[in-house]
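A.B. asks: Here is what each chain is made of, one letter per residue.
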Amino acid sequence: MIDRAVLKEQFVKWVLVAFALSSLLFLFLIFAFILGEGLPLFLKVGVKKIILGMKWAPTKGYFGIFPMIISSFLVTVGALVIGAPLGLSCAIYLSEYSGKRMKILLKPAIELLAGIPSVVFGFLGVVYIVPLVRNYLGGSGFSLISTSLVLGIMILPTIISISFDALVSVPKTYREASAAMGATKWQTIYKVIIPSAKSGILASFILGMGRAIGETMAVIMIAGNALKIPTSLLDPLRTLTGNIALELAYATGDHRLALFSTGVVLMIIIMVLNYIANFGIKRKIAK
Amino acid sequence: MCLRWFVLLPFIMGLLISCGSNNSSSTGMQKITVAGSTSVMPFTEKLAEHFMLDSRDVTIDVQGGGSTAGIQAVINRTVDIGMSSRELKDDEKVLNRIVICYDGIVVVVHKNNPVTALTLDQIRGIFSGNISNWRQLGWVNRKIDAVSREEGSGTRGAFEELIMKDKEINDSTMVQDSNGSVKEVVATDPYAVGYISMGLVDEKVKPVSIDGIRPSIQTIRSGQYKIVRPFLYLTNGQPNKRARRFIDYVLSRDGGQRILKNEGLVGVHD
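Chains A and B, in that order, give the protein sequences.
Every letter in the first sequence is one number past the one before it in numbering that gives the first Met the number 0, and letter 270, counting from 1, is 269.
Every letter in the second sequence is one number past the one before it in numbering that gives the first Met the number 0, and letter 235, counting from 1, is 234.
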């Protein structure tokens, strides 16, 4: 009888191990396919001509994605300029000031915000933000500033929840020591809590950047997708993700490969961002 | 006991799904799959609806994907009929090409825009970046928001071939990924100009006349309006029996052709 029970335990364990490892397998397969499809063009055309090339006309043999790399960074930084102060303020309020009742109200609201599909954000952006920008600031409205605004709101949940965790995990003794020295609450937050939660807060910003740079649907709808590097906040722009989604349907041959190359570049950027963020979080835990 | 079922569930589901797909292919219904150009798709959907009313033993599955994807799918024999809104390239000419109708490409502006007529040169100037302000076209001092389609689109291909000729579309031109999105941008932005399929023009946007010729079915039929491209159905070799029935219906004067004409397209018999 005991033997059977042990056998059963073992069986269940190994089945679960197999399923758990399958996620690793999927990741590996995705890597293999993107690299397999994306690298040949790098070899054929040259890394420099793709990454630093200024002209994108894949049906005519130009595969430069430099403007899109710059545009992706611009919207990401723009999103951070809007999302970071808002998100951090919200996290500080939640961890230091809010009572239980407010927390019960705010936490689910933030989770709900995270659950809103990006196409809905895009739709609201097109219907409300784009005309607002067009009427009051000028340009077509499909612009860097509209995209940054929408992305800034979209990355709020990421920033709030991760920096909240970082703030909450600052030991209570720090707060007590600071209060014992006669510091006010704001002085404590500003001089003690934020500096000790710094790495976690930075990690939240970087993960927010990762979310913004990977966002596609809302961006295609609002960014205007022009190929030029934007020279003002009101210019339209095209991101790396937008480029893939926009042209995938019609692409064949080298054009298709060029979109996979875009994917390779995007994947590397996101990997680097995630690595930096993980590094930040780990250092905090080690403390 | 519960746990075992939990672990086995995926396998059982997998088995059921594979059984299910085997069964459904042996039912009496005949299925025609059509895929390709997003410009042709809405009309094919309408044609398929009418066709299925008459022939209840057939279901037609219409998918988008774009002209190039449609052509690829026919070459790979994954669909019965491919739809294309551009002419075939040399290496694609092995396919059987059937013109189902002709479509004009129309340059559209916002309905409050006072500009009603442009010359071919002016349109070329707008999209190549030489003309960037509405003042140059006799209106207010305001940047022109030109909207194009993405690289590879059939509509863009036809626009480049028929209007731009050797000029290139400027990099600061906005890009949208469907006729519908272009129309939406032009309908909401008073300073926008774009190009869409004539069959999709409605009261939300205003078509402009080109070199003095108003785009309409009459001017296309008489040959005056020159910005015209064919809508194609493609099959790999001779169409199979069920696809043949649908194509015959689409080409018939009282069937498909009448429907296409009502949609604002120009039939093959005109």
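Accuracy of the hints is not assured; some may be wrong.
[What the hints assert, rightly or not] Once the Cα atoms are required to be at most 30 Å apart in a straight line, the calculated DSSO-like pairs of lysine-lysine come out as: (1) A:LYS171 <-> A:LYS59; (2) B:LYS240 <-> A:LYS59; (3) A:LYS59 <-> B:LYS88; (4) B:LYS240 <-> A:LYS227; (5) B:LYS45 <-> B:LYS240; (6) A:LYS54 <-> B:LYS30; (7) B:LYS110 <-> A:LYS59; (8) B:LYS164 <-> A:LYS54; (9) B:LYS142 <-> B:LYS166; (10) B:LYS110 <-> A:LYS54; (11) B:LYS88 <-> B:LYS240; (12) A:LYS227 <-> B:LYS260; (13) B:LYS164 <-> A:LYS48; (14) B:LYS92 <-> B:LYS205; (15) A:LYS227 <-> B:LYS110; (16) B:LYS240 <-> A:LYS54; (17) B:LYS110 <-> B:LYS88; (18) A:LYS43 <-> B:LYS110; (19) B:LYS166 <-> A:LYS227; (20) A:LYS227 <-> B:LYS142.
In short, the hints are calculated from the structure, not lab data.
A.B. asks: Each hint needs a verdict: does it hold in this structure or not?
C.D. replies: Now the hints, each set against the structure:
no. : hint                  : in the structure
1   : A:LYS171 <-> A:LYS59  : 63 Å, violated
2   : B:LYS240 <-> A:LYS59  : 39 Å, violated
3   : A:LYS59 <-> B:LYS88   : 14 Å, holds
4   : B:LYS240 <-> A:LYS227 : 50 Å, violated
5   : B:LYS45 <-> B:LYS240  : 21 Å, holds
6   : A:LYS54 <-> B:LYS30   : 44 Å, violated
7   : B:LYS110 <-> A:LYS59  : 35 Å, violated
8   : B:LYS164 <-> A:LYS54  : 19 Å, holds
9   : B:LYS142 <-> B:LYS166 : 21 Å, holds
10  : B:LYS110 <-> A:LYS54  : 34 Å, violated
11  : B:LYS88 <-> B:LYS240  : 27 Å, holds
12  : A:LYS227 <-> B:LYS260 : 40 Å, violated
13  : B:LYS164 <-> A:LYS48  : 27 Å, holds
14  : B:LYS92 <-> B:LYS205  : 36 Å, violated
15  : A:LYS227 <-> B:LYS110 : 28 Å, holds
16  : B:LYS240 <-> A:LYS54  : 47 Å, violated
17  : B:LYS110 <-> B:LYS88  : 37 Å, violated
18  : A:LYS43 <-> B:LYS110  : 48 Å, violated
19  : B:LYS166 <-> A:LYS227 : 17 Å, holds
20  : A:LYS227 <-> B:LYS142 : 16 Å, holds
Comparing the model with each numbered hint stated earlier shows that hints 1, 2, 4, 6, 7, 10, 12, 14, 16, 17, 18 do not hold.
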